[in-house]
Amino acid sequence: MDSKLATTFSKPQSIKRRVRELKELVIRIILFICAASSVLITFGVVWTLLKEAFPFFMEVSVKNFLTDKEWTPLFENPQYGIFNLICGTFLTTAIALSVAIPLGTITAVFLSEYMSNRYREILKPILELLAAVPTVVYGYFALLFVTPLLQKIYPDLSSFNALSAGLVMGVMIIPYVSSLSEDAMRAVPVHLREGSLALGASNLQTSFKVIIPSAFSGIASAYVLGISRALGETMVVAIAAGLQPKISLNPLESTQTLTAYIVQVSQGDLPHGSIGYKTIYVAGVVLLFFTLIFNLIGLRIRSKMEIKFK
Amino acid sequence: MKQQVEKLKRQDSVFWIVGLLTLAFALITLLSLIVDMAMTGWPRISSEFFMNFPSRFPEKAGILSAWVGSLCVVFVTAFLAIPLGIASGVYLEEYSKKNIWTKIIEVNILNLAGIPSITYGLMALGFFVYHLKLGQSIITAGMTLGLLVLPIIIVTTREAIRTIPAHIREASYSLGATKWQTTWNHILPYSSGGILTGVVIALSRAIGETAPLITVGALTFIAFLPTAPVMATPPYVSAQWLLDPYTVMPIQMFNWVSRPQEEFHVNAAAAGLVLLSMTLILNATAIFIRYRFRKKYKW
Numbered sequence: 551m552d553s554k555l556a557t558t559f560s561k562p563q564s565i566k567r568r569v570r571e572l573k574e575l576v577i578r579i580i581l582f583i584c585a586a587s588s589v590l591i592t593f594g595v596v597w598t599l600l601k602e603a604f605p606f607f608m609e610v611s612v613k614n615f616l617t618d619k620e621w622t623p624l625f626e627n628p629q630y631g632i633f634n635l636i637c638g639t640f641l642t643t644a645i646a647l648s649v650a651i652p653l654g655t656i657t658a659v660f661l662s663e664y665m666s667n668r669y670r671e672i673l674k675p676i677l678e679l680l681a682a683v684p685t686v687v688y689g690y691f692a693l694l695f696v697t698p699l700l701q702k703i704y705p706d707l708s709s710f711n712a713l714s715a716g717l718v719m720g721v722m723i724i725p726y727v728s729s730l731s732e733d734a735m736r737a738v739p740v741h742l743r744e745g746s747l748a749l750g751a752s753n754l755q756t757s758f759k760v761i762i763p764s765a766f767s768g769i770a771s772a773y774v775l776g777i778s779r780a781l782g783e784t785m786v787v788a789i790a791a792g793l794q795p796k797i798s799l800n801p802l803e804s805t806q807t808l809t810a811y812i813v814q815v816s817q818g819d820l821p822h823g824s825i826g827y828k829t830i831y832v833a834g835v836v837l838l839f840f841t842l843i844f845n846l847i848g849l850r851i852r853s854k855m856e857i858k859f860k
Numbered sequence: 067m068k069q070q071v072e073k074l075k076r077q078d079s080v081f082w083i084v085g086l087l088t089l090a091f092a093l094i095t096l097l098s099l100i101v102d103m104a105m106t107g108w109p110r111i112s113s114e115f116f117m118n119f120p121s122r123f124p125e126k127a128g129i130l131s132a133w134v135g136s137l138c139v140v141f142v143t144a145f146l147a148i149p150l151g152i153a154s155g156v157y158l159e160e161y162s163k164k165n166i167w168t169k170i171i172e173v174n175i176l177n178l179a180g181i182p183s184i185t186y187g188l189m190a191l192g193f194f195v196y197h198l199k200l201g202q203s204i205i206t207a208g209m210t211l212g213l214l215v216l217p218i219i220i221v222t223t224r225e226a227i228r229t230i231p232a233h234i235r236e237a238s239y240s241l242g243a244t245k246w247q248t249t250w251n252h253i254l255p256y257s258s259g260g261i262l263t264g265v266v267i268a269l270s271r272a273i274g275e276t277a278p279l280i281t282v283g284a285l286t287f288i289a290f291l292p293t294a295p296v297m298a299t300p301p302y303v304s305a306q307w308l309l310d311p312y313t314v315m316p317i318q319m320f321n322w323v324s325r326p327q328e329e330f331h332v333n334a335a336a337a338g339l340v341l342l343s344m345t346l347i348l349n350a351t352a353i354f355i356r357y358r359f360r361k362k363y364k365w
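Chains as they are written, first to last, in this note's numbering: chain S, 551 to 860; chain B, 67 to 365.
These are calculated hints, taken from the structure and not from any lab test.
Among the hints, a few may not be true.
Straight-line distance between alpha carbons at most 20 angstroms, and here's what the computed DMTMM-like set of lysine to aspartate or glutamate pairs gives [said to hold, decoys possible]:
no., chain 1, residue 1, chain 2, residue 2
1, S, K674, B, E225
2, B, K361, S, E671
3, S, K619, S, E609
4, B, K245, B, E160
5, S, K573, B, E225
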């Protein structure tokens, strides 16, 4: 019996076991390298953007960059007022959020508190299809369906305008807002819900006075995700919002966002090191700066939520 | 008292209607997008449309180079992102210890998922196109999109692995299996449904992505196909196609949308219809896989 066991189980110092342990170690190292490569990617993105954007400031002073009245880097008398592009970006983002935040929140409350499990299982994937449609298709929709529709209401709406791009973008990010908010609401412990209902509160009162406040950090991080989506969205604004950077908050006129500027310039001939090449990296760095700020806010809120519910 | 109860009930039913209308608004928007595109684009859909190259004459233009290009690019994307993504997900769930490095990697992946897609394009232009001198080629595009969808695959792999209860692992270890044997023989097969869902969603995202490819300089007028990967004479296989210029479906569509002529908008609608069908079919597949596997494994 003893000798039999000795043959079926390898000794710790046997070659077979050594080989196996080595193999385990190699696999662990390979897997670690794969996981760590994502850090390299982030580093690569930030480093490349900064490296390519830096020479821009050898030619243009920071003062011009921040205070010029217009953004016309490719014209005869170039002006580099970045706020023209930032203004367009925030204008379309604000329009998108004024659609996505109310509608997304209502949808989340409705799906989480008013729908039975069965209907929710069907409706949620369908709603998420909104986020699966390619953005270039949304651009087509904004330019050739929504704008003509809006022109029937405001006849002097220009055919490229911030309004229709923003509205379509808003519908596009409804699922981002609603899915995360709904997850947060459903993570609220059932006893809170039952306690409120047992005190005689209606479903609506429970939703808005108990569920939403308790899930607020989750909902807020959903909003933040929506904001960073809207800031970085490219094709809808490049197709439907026009190509005229300007400091104006009029949604009926055309405008240009940071992303749309990058697309416009990249379409043409773009030699390495030309002023056009440098400006798209500057626009990219500014965009990355804003989205990273919002991402970090979102992460902070989310980790607070995790502590709260532990 | 009774009045107040009545009032609350009334408010509740008003919100019910508001909720239903909101949901209906979102779904009607989706529906009108599909219907509008189908009505405009359907007459252009024919076998010639799939087999013709782009052209200056809208009625002769087709999407042959675009859909072939899309397939090639997505192939490279899948080849890069699937192994890398699954390996990272497995490491983070099964191997990593809770320490500062793991925390950094996790925060970093969440951050990557939040970076606008166009910044990946800028990175690829500076690094792949000019630094590695890969040019405006299929491999550049595939790698760019591969990095872009990597976080999606990592996150879904982790979620899929997390649903496997600890006793499965413990049973495997108690029989003397090593960590990798447990992972390979148990964890990966049981989570394959969730992982596959993530992969399909990532690829559908890659097919529809436009902005980063415009930045790396995808051309819009390509009247030839990439070099065939197999040929009749030695050495029989060739990787030349990886370095060929290309165009993809969404870029072709963007090109047609941006033209002023009405006829090209019809082409754009037809291309959009094809693109939309591809992504919706992929997403439906993902939902179906998720549903099947949820039924198969009940812990």
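Q.
Given the hinted pair K619/S and E609/S, is their Cα-Cα distance within 20 angstroms?
A. The given pair, whose Cα atoms are some 18 angstroms apart, holds under the 20 angstroms limit.
Q) Are the Cα positions of K573/S and E225/B separated by 20 angstroms at most? A) Roughly 27 angstroms separates the two Cα atoms, so the pair is violated.
Q. Are the Cα positions of K361/B and E671/S separated by 20 angstroms at most?
A. 14 angstroms, holds
Q.
Does E225/B sit within 20 angstroms of K674/S, going by the straight-line distance between their CA atoms?
A. 18 angstroms, holds
Q. Holds or violated: are the alpha carbons of K245/B and E160/B at most 20 angstroms from each other?
A. 8 angstroms, holds
This entry does not satisfy hint 5, going by the numbered hints stated previously; all others are met.
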